[in-house]
Amino acid sequence: MPLLGGNAMKHSRRQNVIPGFGLSLGYTIFYLSLIVLIPLSSVVVKSASFSWGTYWSTVTAPREMASYRLTFGVALLAATINCVFGVLTAWVLARYRLPGKRIVDALVDLPFALPTAVAGITLATVYSGNGWIGRWLEPHGIKVAYTPLGILVAMTFIGLPFVVRTVQPVLADLEGELEEAAACLGANRWQIFSRVVFPQILPAILTGFALAFARAVGEYGSIIFIAGNMPMVSEVTPLLIITKLEQYDYPGATAIATVMLSVSFFVLLAINLLQKRSRRFAS
Amino acid sequence: MSIDIDNVSKQFGSFAALSDIRLNVPSGELVALLGPSGSGKTTLLRIIAGLETPDSGRIVFDGTEATNRHVRERQVGFVFQHYALFRHMTVFDNIAFGLMVKPRRERPSRGEIRDKVFGLLRLIQLEQLSDRYPSQLSGGQRQRVALARALAVEPKVLLLDEPFGALDAKVRAELRRWLRRLHDEIHITSVFVTHDQEEALEVADRIVVMNGGKIEQEGTPGEVYDHPATPFVFSFLGNVNLFHGRSLSGEAAVRKQAATVGYVRSHDIEVERRRSNPASLEAAVQAVQTVGPFVRVELHALSADDVLEAELSRDVADRLDLRVGETVFVRPRKVTVFAEDYQI
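For the protein sequence lines, the chains are A and B, in the order given.
Each residue of the first sequence is one higher than the last, beginning at 1 in the working numbering.
Each residue of the second sequence is one higher than the last, beginning at 1001 in the working numbering.
For the record, the hints were derived by calculation from the structure and aren't laboratory data.
Treat the hints with care, since some could be wrong.
Straight line, CA to CA, 25 Å or less: simulated SDA-like cross-link-like pairs of lysine to any residue [what the hints assert, rightly or not]:
id, chain 1, residue 1, chain 2, residue 2
1, B, K1156, A, K244
2, A, K244, A, I81
3, B, K1116, A, V45
So, partial list: chain A residues that the calculated Cβ filter (under 7 Å) puts toward chain B [as the list claims (entries may be wrong)]:
id, residue
4, E177
5, C184
6, F281
The following residues of chain A were derived to be distant from chain B, with all beta-carbon distances above 12 Å [unchecked claim]:
id, residue
7, T54
8, T60
9, I81
10, V92
11, I133
12, T147
13, I192
14, L269
We put the CB at the ideal spot given by N, CA and C, even for glycine.
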């Protein structure tokens, strides 16, 4: 290797301390293209058969707008709920010794494994007016099944494992000494959690949030069974896409899909940036 | 503040970490707990801090019982071996932490906190690094930040758990000299745990040698080194050679008993080419190794079939010019005999 190469040469050499940079970059791009980019770009191409005007009027129709609000709003809410209770669950699993902890640990993953239709039907049964849980809620005027609240329940159900599974290992690896140091300095339990533990698990929580959100936005199978699917009220965007497909309105379906794609992409990007900010100390 | 440790015992499962420890740390002293790993020294330190509770016995601070006082209220500064800095906070925020978590009515104003933190940063000579994160500091700098953080709340006692254990030799030597100077300035009652006898001898006012959950000896560095109370203390504080009774025969200071064992430091062994004393033993040179400022010679005492290790200064070694396989004469300059001998 020449010691005095050109500037560009020197620059690339300096970056590649780990060998195989070219190969791994090529592989990553190839794989991502094959699995993600090519299928998704076909969505964009398909929707391009619309003129700009038709495209715009299709994706901004009132029924569509209502479904975006519902889908993204409830998905954000569900991901937020999952963050709170997922962190609690992860905390319990990482910090305490409980009888049957292994079983609880395995239970967390069940929403991953269950076919979504099964989850939807089960939730709809349990939360309907005469179901196990629904019959206690109905007299208080709380209707869950066949309302937007049902969508929230379904989205929370399928998103739970993401937060637990991203936060739990980070909590388990946290040095106990940090909390001891904080206690020696006079911090109470709440201060130890909010100032010492929380900032360290925040990046993991954000990752879990992003995953749970993404999963909830794309969820279809379980939601259609519990949502009631009333246009303008409880109709999620994925269902709208399916409806259009069933009517052979492919350009319409893909047009809505492009909106979902771009909104999801920007939300995930924002979460990623937030996460980077929350990890700035690790530079 | 003085610390009294009163008959403290601690058991971990079937392992007795501490048994019946009694110790007094006078106000303003710098005391070293010295011992091998598993000797209970860290457990004792953590019990003083309140991070661990004793199974029996009492901890008394300045005449007031503190055994059940929560670690938050003990006003101890604790420095961990691996620094335990909050890595998501800057150096400034780390040091200010103890002041920021005070209840509002006790908390100093922002300006006062700032002055206090910068005062401490001057003390640890890291003023210009106040907005760095711990990951951007070297090990020695991190440990100084940890010390400043512990001092910020003006603790009554400073406890250090192997504070220099994770640092390289040069930084360690610098930092312990710095700690000694710091202690001479602020005179805070301090207890530090170490397994490095050199560190204990250099830094501490008093050394408490621990082994197997018990205190073997307590005293000034001079007392502990020159008058070790037990064979364990003797061997833990430096290199040791055993002279069994038969090889000591003729040595005036030692009783002629076959069972007697004499303890001799490696640097107290004289090596000669000619027999100058009838008590000298004949020995074969097995190995010669230069270790920095001195030369280590491994000798095989022919009459007693013992292996001895002598440490010679460079000029003595150069004069002798020893070769492996040569026969020389060795003589202990100073022998320590323990009345009751426990085999080590």
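Verification of the supplied hints:
1. B:K1156 <-> A:K244: 74 Å, violated
2. A:K244 <-> A:I81: 31 Å, violated
3. B:K1116 <-> A:V45: 63 Å, violated
4. E177: E177 of chain A check passes; min Cβ-Cβ to chain B is 4 Å, inside 7 Å.
5. C184: 4 Å, holds
6. F281: 4 Å, holds
7. T54: 50 Å, holds
8. T60: 43 Å, holds
9. I81: Consistent with the label, I81 of chain A stays out of reach of chain B, its closest Cβ about 25 Å off (over 12 Å).
10. V92: 23 Å, holds
11. I133: 40 Å, holds
12. T147: 41 Å, holds
13. I192: Violated, since 9 Å does not exceed 12 Å.
14. L269: 23 Å, holds
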